[in-house]
Amino acid sequence: MQEELIVIKGINDGLLIALSTTEKWQMVTDHLAARIDEKADFFAGANITVQLGTRPVPKYELSSLKALLERRGLTLSRVQSESETTRQSATSLQVATVNIGAREAPAPMPQETAPVNPEETGTYGTLFRRTLRSGRTIHSEGHIVVYGDVNPGAKVIAAGDIIIWGKLRGYVHAGAMGDESAVVCALDMSPSQLRIAGHLVTSPPDKRKKVIPEVAYVRDNQIIVEARD
Amino acid sequence: MAGKVVTISSGKGGVGKTTATANLGISLASLGKKVVVIDADIGLRNLDVIMGLENRIVYDLVDIVEGRSKLRQSMIKHKKFEDLFLIPAAQTRDKMAVSPQDMVKLTDELREEHDFILIDSPAGIERGFRNALEPADEVLIVTNPEVSAVRDADRITGLIEAAEKGPGRLILNRIKPELVKKGEMLSSDDVVDILGLAIIGIIPEDELVLSASNSGVPVTLNTDSKAGMAFNNVARRLIGEDVPFMNLADDAGFFRRLARLFEGW
Numbered sequence: 001m002q003e004e005l006i007v008i009k010g011i012n013d014g015l016l017i018a019l020s021t022t023e024k025w026q027m028v029t030d031h032l033a034a035r036i037d038e039k040a041d042f043f044a045g046a047n048i049t050v051q052l053g054t055r056p057v058p059k060y061e062l063s064s065l066k067a068l069l070e071r072r073g074l075t076l077s078r079v080q081s082e083s084e085t086t087r088q089s090a091t092s093l094q095v096a097t098v099n100i101g102a103r104e105a106p107a108p109m110p111q112e113t114a115p116v117n118p119e120e121t122g123t124y125g126t127l128f129r130r131t132l133r134s135g136r137t138i139h140s141e142g143h144i145v146v147y148g149d150v151n152p153g154a155k156v157i158a159a160g161d162i163i164i165w166g167k168l169r170g171y172v173h174a175g176a177m178g179d180e181s182a183v184v185c186a187l188d189m190s191p192s193q194l195r196i197a198g199h200l201v202t203s204p205p206d207k208r209k210k211v212i213p214e215v216a217y218v219r220d221n222q223i224i225v226e227a228r229d
Numbered sequence: 001m002a003g004k005v006v007t008i009s010s011g012k013g014g015v016g017k018t019t020a021t022a023n024l025g026i027s028l029a030s031l032g033k034k035v036v037v038i039d040a041d042i043g044l045r046n047l048d049v050i051m052g053l054e055n056r057i058v059y060d061l062v063d064i065v066e067g068r069s070k071l072r073q074s075m076i077k078h079k080k081f082e083d084l085f086l087i088p089a090a091q092t093r094d095k096m097a098v099s100p101q102d103m104v105k106l107t108d109e110l111r112e113e114h115d116f117i118l119i120d121s122p123a124g125i126e127r128g129f130r131n132a133l134e135p136a137d138e139v140l141i142v143t144n145p146e147v148s149a150v151r152d153a154d155r156i157t158g159l160i161e162a163a164e165k166g167p168g169r170l171i172l173n174r175i176k177p178e179l180v181k182k183g184e185m186l187s188s189d190d191v192v193d194i195l196g197l198a199i200i201g202i203i204p205e206d207e208l209v210l211s212a213s214n215s216g217v218p219v220t221l222n223t224d225s226k227a228g229m230a231f232n233n234v235a236r237r238l239i240g241e242d243v244p245f246m247n248l249a250d251d252a253g254f255f256r257r258l259a260r261l262f263e264g265w
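Order-wise, the sequence lines are chains A and B. Counting in the working numbering, the first sequence runs from 1 upward without gaps. Counting in the working numbering, the second sequence runs from 1 upward without gaps.
So that you can see chain B by itself, here it is in the shape it has in the complex (with noise of 0.2 Å):
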């Protein structure tokens, strides 16, 4: 099995990278899919929170790569999914304990028995974003839509298409539908234009999102939202599904108030 390694990435900090990685990597394995996710932001680990195996934890990437655990024994298999495992990031060193060459070796190994190896990259452009970056064979960009994020997202591209892993598509997270009807909010159209990158997904404000980060249970979950949702139509266009994009205006309770206020959208 030769499996496939999607770096998640934003530059800037705090749009919802991790978050992502977590719900993508379980709606992965809820199709079926054999899937790793990686926590390459040494020294500030989270995605073990957000999938809510911070307890588990015994061995991490640092100790993998220094050779004081096997590979085996450091991936943390999911409370729900039997194939879907963790490896966390280590939280008292730095990001130059791992070279982009360690990432490479430690991805090689695993694609042999995983469809998808998901790495959640740190902000930032240097040698975090570099250890996430060498090993991709496709980068998705989270952004949202706001004029300083987007800015970040085309840095990083640049960089992305030096490196020749471009182009890369795009997460466009926490959308909120009535303030881009109000020319409050750039639009996905107005962030394509700057960006110029296909989308592969578009993610709706959602509270559960963060209810969901803070009990470990990630949202895609949650039958009821809308996030979770589109995580999950993300995850299968990851694997070549042709998922249309759903109308963030015409579900129940707050969705349909808000197409009736904005008729057409």
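Just chain A, same shape as in the assembly (with noise of 0.2 Å):
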């Protein structure tokens, strides 16, 4: 199988893009741009750790990644990398550096940036166990779950699904990749506003019924939200 170009992943603080070590830098980054700019939305201001592997990058290659990346509003805070090259040149450009050998390095699985299919590969997600707040905002190139209410002002973005143990008052998109098989399930159901792959719905305003969980889901080119008791 050839090697991917960037594996795309969500962390605890933003995003996890790993370039590739191998192939030429100018057709890695003008990738990495391309695939930014199709998916602008799942990218929308996130903080961004670029794994770098071996490869020794110069300040300048670094410096014109960095500028890719503010271009579209996005932040490079942190620099992964084995290159002592590399990490002088994050340092020269006040980026943080990490010191991570290949073993210790989550190994890139080529088939993440293939939409998630549960059926197929077993998939990852990230687990938050706690409230997320108005203002916090959360990205996974998998599924998300979060133990907690999702208040409004927050966001989660998942590739995959989305499942939120607790109430959902925030915004959500899950799918953030095209994938249209998405879901969505939570315990109480209001997002400010729920997007699966490219359809978008909102909650009508004051749904003073029961609280039950429901899940949301991609019909005919439509969104359906189904309770689940």
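Any given hint could be a false lead.
[As the list claims (entries may be wrong)] Cβ pair distances, simulated, as ranges:
1. B:Glu109 <-> A:Thr202: 48 to 56 Å
2. A:Tyr124 <-> B:Glu164: 41 to 49 Å
3. B:Ile239 <-> A:Leu127: 35 to 43 Å
4. B:Gln101 <-> A:Ala96: 17 to 25 Å
5. A:Thr202 <-> B:Arg72: 54 to 62 Å
6. B:Ala163 <-> A:Pro213: 31 to 39 Å
7. B:Ser99 <-> A:Glu226: 49 to 57 Å
8. B:Leu208 <-> A:Leu127: 45 to 53 Å
9. A:Glu226 <-> B:Val147: 27 to 35 Å
10. B:Glu138 <-> A:Arg130: 18 to 26 Å
Simulated from the structure, these hints should not be mistaken for laboratory data. Just so you know, even glycine gets a beta-carbon here, dropped at the ideal spot from N, CA and C.
With the hints as a guide, bring both chains together as one complex.
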């Protein structure tokens, strides 16, 4: 299997982007720019950690990568690298660095870039065991489970499914990379906005009914919200 | 003596932080506690005005931090309470003149001789808020029963939790029982439902608060005021007393009429 040029996954404070260590730098960064532009919603405002492996990246290259991200409203907050040259470049650009050896680094999973399909590959997700308050945004290239509430003003964006074991009142976007089979589940479903892939719904105002767990999914090009009791 | 630092914050402006700070300061002092209130809203000071101490200011918070005055010199004693002091904010500087570490150093010194150090946080989530948060042992979050105020309270609650100063307790200010009853105002239950915080006080809307603030005699000193009583209750809960929440609808005048209208509130 051909090595993926870039692999993106959600981490605690933003997104981790692992760049190929062997392909031409220009090609890799062009590809990254295209990926970001294509899925601007998914990336919006994220903190980016870039994983560069063993590739020595000179300052001008890293600086252009930083500029590329910043032009798209993203912040390059950390560089993970095994190369001394790369770390020096990062330091001179005042970007935090982490020296991660290849074995400690989370192994890039090539299948991640394809839409997540739970049946075939087994999938991964991120668990947040707290209430997400206004202003907090979480991303994942896998699924997201929140054990707590998602308050108005908080955002949850996942390439896969989103499960809220609590009250959902904020913004959620499941299947953010285009997967229309993604679902959103919540114990109390009243999101300010709910998106699945390219579809969007808002909650009807003043939904004063009995609170029951619900699931949202896409059928016939629209989002259906259905009770699960 | 190891005093306790309590920061009063809100996120949104104009919800009653400064009024709450002034009233809690006075209530705690009237309960026999030694209290210092600090106005951390540098550049936009007004705690001194509400406490009626504006014309006594000689030195301010920035003077202390920058070494132009001794701590003692800068503490303004309240007209009525021997053990209540104010450290005013500077009017001419901005929030960057003080760092969070300066506030920790200052409050550590004050802890030795006082029971409570109340810090009136500025609105917003920037440096001024950080200054007020850093030394806090406990944070009281003031909010109004309005969606925008609750949203901001939620935002700063997240920041307070991230700074490991949480969870904080809630002062719900300017509740109008008659509007809650009609479903036109968020109730305390609605607010708690969103924020998931414990309530330390519910302060009813009270016209006396405005005139009290304008005259520099905080409303707690007025025994006729419902809001004043509610602030006194917050102070008593702060020192660990178990005070039941008052029924906002069963008092004389206006509130009695309300009670007749809305039985069982």
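Each hint tested on the structure:
no.	hint	in the structure
1	B:Glu109 <-> A:Thr202: 48 to 56 Å	holds, 53 Å
2	A:Tyr124 <-> B:Glu164: 41 to 49 Å	violated, 29 Å
3	B:Ile239 <-> A:Leu127: 35 to 43 Å	holds, 40 Å
4	B:Gln101 <-> A:Ala96: 17 to 25 Å	holds, 22 Å
5	A:Thr202 <-> B:Arg72: 54 to 62 Å	holds, 58 Å
6	B:Ala163 <-> A:Pro213: 31 to 39 Å	holds, 33 Å
7	B:Ser99 <-> A:Glu226: 49 to 57 Å	holds, 54 Å
8	B:Leu208 <-> A:Leu127: 45 to 53 Å	holds, 50 Å
9	A:Glu226 <-> B:Val147: 27 to 35 Å	holds, 28 Å
10	B:Glu138 <-> A:Arg130: 18 to 26 Å	holds, 20 Å
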